[in-house]
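These are the residues of each chain, in order.
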Amino acid sequence: MRYGLYPGCSASGTGIEYGLSTKAVARRLGIELVEIPDWNCCGASSAHNRDHLLSIALPARNLALAEQAGLTDIAIPCAACYQRMKASERAVADEAERREVAEVIEMEIKGTAKARALLEVFANDLDPETLQKAVVKPLNGLKVACYYGCLLVKPAELAIDSPENPMMMDRLISALGATPVDWAYKTECCGGSLAITRPYAAVGMTAQVLKYAKLAGADCIATPCPLCTSNLDMRQKEAEKVLGMELGLPIYYFTELMGAAFGLPAEELGINRHFTEATALIKKPAAPAPAER
Amino acid sequence: MKRIGVFVCHCGTNIANTVDCAKVAETAKDFPGVVFACDYKYMCAEPGQVMIQEAIREHNLDGYVVAACSPRMHEPTFRKCAERAGMNPYMVEQVNIREQCSWVHADKTKGTDKSIDITRMGVAKVAQNEPLFSTTIPVTKRALVIGAGIAGIQAAIDIADAGYPVTLLDREHSMGGKMAQVDKTFPTLDCSACILTPKMVEAAQHPNIEIVTYAEVQAVDGFVGNFDVTIRKKARYVDVDKCTGCGLCSEKCPKKVASEFEMNLGTRKAIYVPFPQAVPNKPVIDAKNCRFLVEGKCGVCKKVCPTGAVDFEQKDELIVERFGSIVVATGFEQFDISKYEEYGAGRIPDVITGLHLERLMNASGPTMGKIKRPSDGKVPEKIVFIKCVGSRDEAKGRSYCSRACCMYVAKHATLIKEKIPTSKSYIFYMDVRTAGKNYEEFYTRAQNEYDAQYVRGRVSKIFQVGDKLIVRGEDSLLGRPVEIEADLVVLAAGMDPQQDAKDLARTLGISYDQHGWFTEAHPKLRPVETHTAGIFLAGACQGPKDIPDSVAQASAAAVKAAGLLSKKELTAEAQTARCDEAYCSGCGLCVSICPYKAIELKRISERVHGGTRERQVSSVNQGLCQGCGACSVACPSSAMNLKGFSNDQILAEVDALCQR
Ligand code: SF4
Ligand code: SF4
Numbered sequence: 001m002r003y004g005l006y007p008g009c010s011a012s013g014t015g016i017e018y019g020l021s022t023k024a025v026a027r028r029l030g031i032e033l034v035e036i037p038d039w040n041c042c043g044a045s046s047a048h049n050r051d052h053l054l055s056i057a058l059p060a061r062n063l064a065l066a067e068q069a070g071l072t073d074i075a076i077p078c079a080a081c082y083q084r085m086k087a088s089e090r091a092v093a094d095e096a097e098r099r100e101v102a103e104v105i106e107m108e109i110k111g112t113a114k115a116r117a118l119l120e121v122f123a124n125d126l127d128p129e130t131l132q133k134a135v136v137k138p139l140n141g142l143k144v145a146c147y148y149g150c151l152l153v154k155p156a157e158l159a160i161d162s163p164e165n166p167m168m169m170d171r172l173i174s175a176l177g178a179t180p181v182d183w184a185y186k187t188e189c190c191g192g193s194l195a196i197t198r199p200y201a202a203v204g205m206t207a208q209v210l211k212y213a214k215l216a217g218a219d220c221i222a223t224p225c226p227l228c229t230s231n232l233d234m235r236q237k238e239a240e241k242v243l244g245m246e247l248g249l250p251i252y253y254f255t256e257l258m259g260a261a262f263g264l265p266a267e268e269l270g271i272n273r274h275f276t277e278a279t280a281l282i283k284k285p286a287a288p289a290p291a292e293r
Numbered sequence: 001m002k003r004i005g006v007f008v009c010h011c012g013t014n015i016a017n018t019v020d021c022a023k024v025a026e027t028a029k030d031f032p033g034v035v036f037a038c039d040y041k042y043m044c045a046e047p048g049q050v051m052i053q054e055a056i057r058e059h060n061l062d063g064y065v066v067a068a069c070s071p072r073m074h075e076p077t078f079r080k081c082a083e084r085a086g087m088n089p090y091m092v093e094q095v096n097i098r099e100q101c102s103w104v105h106a107d108k109t110k111g112t113d114k115s116i117d118i119t120r121m122g123v124a125k126v127a128q129n130e131p132l133f134s135t136t137i138p139v140t141k142r143a144l145v146i147g148a149g150i151a152g153i154q155a156a157i158d159i160a161d162a163g164y165p166v167t168l169l170d171r172e173h174s175m176g177g178k179m180a181q182v183d184k185t186f187p188t189l190d191c192s193a194c195i196l197t198p199k200m201v202e203a204a205q206h207p208n209i210e211i212v213t214y215a216e217v218q219a220v221d222g223f224v225g226n227f228d229v230t231i232r233k234k235a236r237y238v239d240v241d242k243c244t245g246c247g248l249c250s251e252k253c254p255k256k257v258a259s260e261f262e263m264n265l266g267t268r269k270a271i272y273v274p275f276p277q278a279v280p281n282k283p284v285i286d287a288k289n290c291r292f293l294v295e296g297k298c299g300v301c302k303k304v305c306p307t308g309a310v311d312f313e314q315k316d317e318l319i320v321e322r323f324g325s326i327v328v329a330t331g332f333e334q335f336d337i338s339k340y341e342e343y344g345a346g347r348i349p350d351v352i353t354g355l356h357l358e359r360l361m362n363a364s365g366p367t368m369g370k371i372k373r374p375s376d377g378k379v380p381e382k383i384v385f386i387k388c389v390g391s392r393d394e395a396k397g398r399s400y401c402s403r404a405c406c407m408y409v410a411k412h413a414t415l416i417k418e419k420i421p422t423s424k425s426y427i428f429y430m431d432v433r434t435a436g437k438n439y440e441e442f443y444t445r446a447q448n449e450y451d452a453q454y455v456r457g458r459v460s461k462i463f464q465v466g467d468k469l470i471v472r473g474e475d476s477l478l479g480r481p482v483e484i485e486a487d488l489v490v491l492a493a494g495m496d497p498q499q500d501a502k503d504l505a506r507t508l509g510i511s512y513d514q515h516g517w518f519t520e521a522h523p524k525l526r527p528v529e530t531h532t533a534g535i536f537l538a539g540a541c542q543g544p545k546d547i548p549d550s551v552a553q554a555s556a557a558a559v560k561a562a563g564l565l566s567k568k569e570l571t572a573e574a575q576t577a578r579c580d581e582a583y584c585s586g587c588g589l590c591v592s593i594c595p596y597k598a599i600e601l602k603r604i605s606e607r608v609h610g611g612t613r614e615r616q617v618s619s620v621n622q623g624l625c626q627g628c629g630a631c632s633v634a635c636p637s638s639a640m641n642l643k644g645f646s647n648d649q650i651l652a653e654v655d656a657l658c659q660r
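Sequence lines, in order, name chains A and B.
Using the working numbering, the letters of the first sequence correspond one by one to residues 1 to 293.
Using the working numbering, the letters of the second sequence correspond one by one to residues 1 to 660.
The hints are simulated quantities; they were obtained by calculation from the structure and are not laboratory data.
Keep in mind it's a predicted model, so treat the numbers as computed, not measured.
All C-beta atoms in this analysis are idealised placements derived from N, C-alpha and C, irrespective of residue type, glycine included.
Mixed in with the good hints, there may be bad ones.
[Unchecked claim] Facing chain A, from chain B, some residues (calculated, C-beta under 10 Å): (1) Val35; (2) Phe36; (3) Lys461.
[Unchecked claim] No more than 35 Å apart at the CA atoms, straight line, and that leaves these computed lysine-lysine pairs for DSBU-like: (4) B/Lys502 / A/Lys211; (5) B/Lys419 / B/Lys184; (6) A/Lys214 / B/Lys255; (7) A/Lys214 / B/Lys378.
[What the hints assert, rightly or not] Distance ranges between label pairs, derived from CB positions: (8) B/Glu130 / A/Asp94: 32 to 40 Å; (9) A/Glu100 / B/Met430: 38 to 46 Å; (10) B/Ser460 / A/Lys110: 56 to 64 Å; (11) B/Met430 / A/Leu53: 32 to 40 Å; (12) B/Ala435 / A/His52: 40 to 48 Å; (13) B/Ser460 / A/Pro199: 21 to 29 Å; (14) B/Asp475 / A/Arg2: 29 to 37 Å; (15) A/Leu243 / B/Pro349: 22 to 30 Å; (16) B/Met430 / A/Lys137: 46 to 54 Å.
All chains, full assembly: derive it from the sequences and hints.
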């Protein structure tokens, strides 16, 4: 399988573990990820607040470059990047909008390259057998709160799964041997976009997410979003203060959990780089498999 | 040449504001054949009609054109008007200068010009009109009522009381419909069963009513006055004539399954009566769950039955019967709450619907009327109600208001307070709509005397923490988010059409709207009729309704149905298709295209050059033909013509338009 890859800025910065684990996992699964040549920022955090044309044109240039490189399905790890790329893909499906964008980016755009969330690719495109074969160290006994955040499932027109109770990651995590917990905060906002402008408000929102994951009995949280991860991971100590309760919840990219189940070393996946200690939980010797497995 | 009159109507200001009616009449005077033309404020009113009749006599008119509203509205009026003046009613053409001119044009010049053109066409057409005479068809004096809920029962009783035999059919095992599941009714709080059961018994014992349960309509042929209905009687595996209803079989049956009647909150056996007051009170075997029918083992019911009524060999049975009119009363389905994933609906056991609560409150329900929550049987103290679930929500595909939830939530809050005095109810609402008689008073009482706390705003999320349900929403009057820790959440689920309503509509040949509700012929003037003559609507199959409205509409439908049955014979459509055998090549295209199966091929013999020759031509059954015109469009040789809309008449109109 061959996919285009739009790594986005986070893969080499705040979300470096996401970038590392994505590549490691793909390699192990025999999936070829071809980075879009000369890709640019998708404008996710602010462009759509400033100017519609800009917010559509920035991702459109990446899609146009992917087209030129003959790439059709573009795997996008970052949830924010995915949403903007998808929005742009939809917008340029409109004839008038496409012409306007083409003029701005000075490139032709046909619409053959499709924005795909990396989570969707791994959860839907991968055949179960390949996945099962790759799992050499099942995450038996690990209780995971799958946190989708808002950008992959809202608004409904761009969503990869149900906006209220998505199950895609839950299914993937089960396939790794872990147990996804049923909880209510799967798609609740963590306050990511307020993290810098109104940090106090953001911490309050993050704290709620962490609290309900803990109350649901989760050992850790899995995410597909660098923004969510940095909030949940970096601000966990502050959240503990707000809540007056101890959390100690490792926040994994779902790709890190895949990598761990594939038996890849924590360092290769970047798990040693977390703020909230995360290696111990993964390094634990695998619990004996339950009888029915 | 025919002597033609033209009458231009103002429709008050409806037409006159955008069309210069006097000018239309003045211009029409010059159209070929027109000997009289005038305009008037209301042609449909008494003075207008008198004026037309006088003109007919005075000017010795052969036909006339009235330029007014849509023929849908007043064609019968103007036809009758002609008849009263001794003119054949089909010598009248109504042209529509309201919907087609004044209502769609803002510019008076344009509106006037178009009106003149349309009138010119009408004149050209009426010049070609021939007097038509309608035939009559006999009426089978029996009615079929489909659906034996409260609406169907009421309609059946009313028709039967009027003296006509009625077959009351239901696909469930018992009559009663949704009302049978309800505990108490608003605004009087009388027990639902206490007012429904006597009606069920009355229908069952009525000499004019035949009850057929566990049966479905499979096909409908024929036409008004003579519908041939194929009914599938499903196998009950119990011979109802032998069965005494002793109940021994259900008692001994070893197979327990969730009871649909109890909204899965209780159980029933594989051979069962859905509820104690069921009519008929004879059991059926649920073939999917019966051990004998599935695995070939058991047969306990057959062994214990003292009368030998259990019959595993029974098969579905098809019967065809003829009815003069049909009343459709198939009701509604409760909206499927699992579409609200944000409410955990369908996943969290203590998030239930109004109908679930009805069963929990009912003395003969699964908890004997004690309100216990499904998860752990605890008596709830804090109850949250959410209204408009599946109503007025475009995002979930339901734009309409369900009309009953406002009231049934007020009822639930009242009854819960009576049953659990220490409890507290919170009701999230968008609006409170209490338009019925004594409804507003009932709602006010729920607030003032029963301490129901109304919170204006939508709930965004419900989730479970421990044994509490966290209900998070907005109080839009305070402008603040609110969170309530509840023991039980009741979703006031709205109404959906029956899932297979569209199939039934197709079988019956009636129309339905985008949601699947059956549509009435006219929302104001013909609310219980369908566009198919002889088929009427009662109750919630036409749109959400509460019990009083359903019953009122059922009686209205019954009057219409009985009125039809009371006629000696019916006047058949005069504007039917006619085949000119000289032109017909017998290709049969019209036969396959006719939606009413009104055309057949027949053989005729004719004399050609001294000899006789046999050939095939089509022939139209005048009783079945509805005058839709499909055949005349399909006919490659123009042999098929619709009386009143012949090819020549249509061409005359086109010519008139082209030659102005
Ligand atoms: S045991 Fe026989 S007679 Fe008694 S209810 Fe059952 S089927 Fe009817
Ligand atoms: S389509 Fe016309 S030509 Fe053919 S059978 Fe019918 S009437 Fe005759």
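Each hint tested on the structure:
This hint is violated: B/Val35 has a C-beta 58 Å from the nearest C-beta of chain A, more than the 10 Å allowed. Because the smallest distance between the Cβ of B/Phe36 and any Cβ of chain A comes to about 57 Å, over 10 Å, the interface hint for this residue is violated. Interface hint at B/Lys461: satisfied, since its Cβ lies 7 Å from the closest Cβ of chain A, which is below the 10 Å cut-off. Restraint check: the Cα-Cα separation between B/Lys502 and A/Lys211 comes to about 48 Å, which exceeds 35 Å; the hinted pair is violated.
In summary, the hint linking B/Lys419 to B/Lys184 is supported, as the alpha carbons are separated by about 13 Å, within the 35 Å threshold. Restraint check for A/Lys214 and B/Lys255: not satisfied, since their Cα atoms lie roughly 42 Å apart, outside the 35 Å limit. A C-alpha spacing of about 26 Å is found between A/Lys214 and B/Lys378, which places the hinted pair at or below 35 Å, so the restraint holds. A beta carbon spacing of about 56 Å between B/Glu130 and A/Asp94 contradicts the range 32 to 40 Å that was offered as a hint.
Our hint of 38 to 46 Å for A/Glu100 and B/Met430 holds, since their Cβ atoms are close to 40 Å apart. The supplied range of 56 to 64 Å is broken by B/Ser460 and A/Lys110, whose beta-carbon atoms lie about 40 Å from each other. The hinted range of 32 to 40 Å is satisfied by B/Met430 and A/Leu53, whose Cβ atoms lie roughly 37 Å apart. The hinted window of 40 to 48 Å between B/Ala435 and A/His52 holds, with their beta carbons roughly 44 Å apart.
One distance hint, 21 to 29 Å for the beta-carbon pair B/Ser460 and A/Pro199, holds here, with the actual separation near 24 Å. The given range of 29 to 37 Å is broken by B/Asp475 and A/Arg2, whose C-beta atoms sit roughly 53 Å from each other. The beta-carbon spacing between A/Leu243 and B/Pro349, approximately 28 Å, falls within the hinted interval of 22 to 30 Å. Range check, B/Met430 to A/Lys137: about 52 Å between beta-carbon atoms, so the 46 to 54 Å window is met.
In this structure, the hints that do not hold are numbers 1, 2, 4, 6, 8, 10 and 14, in rising order.
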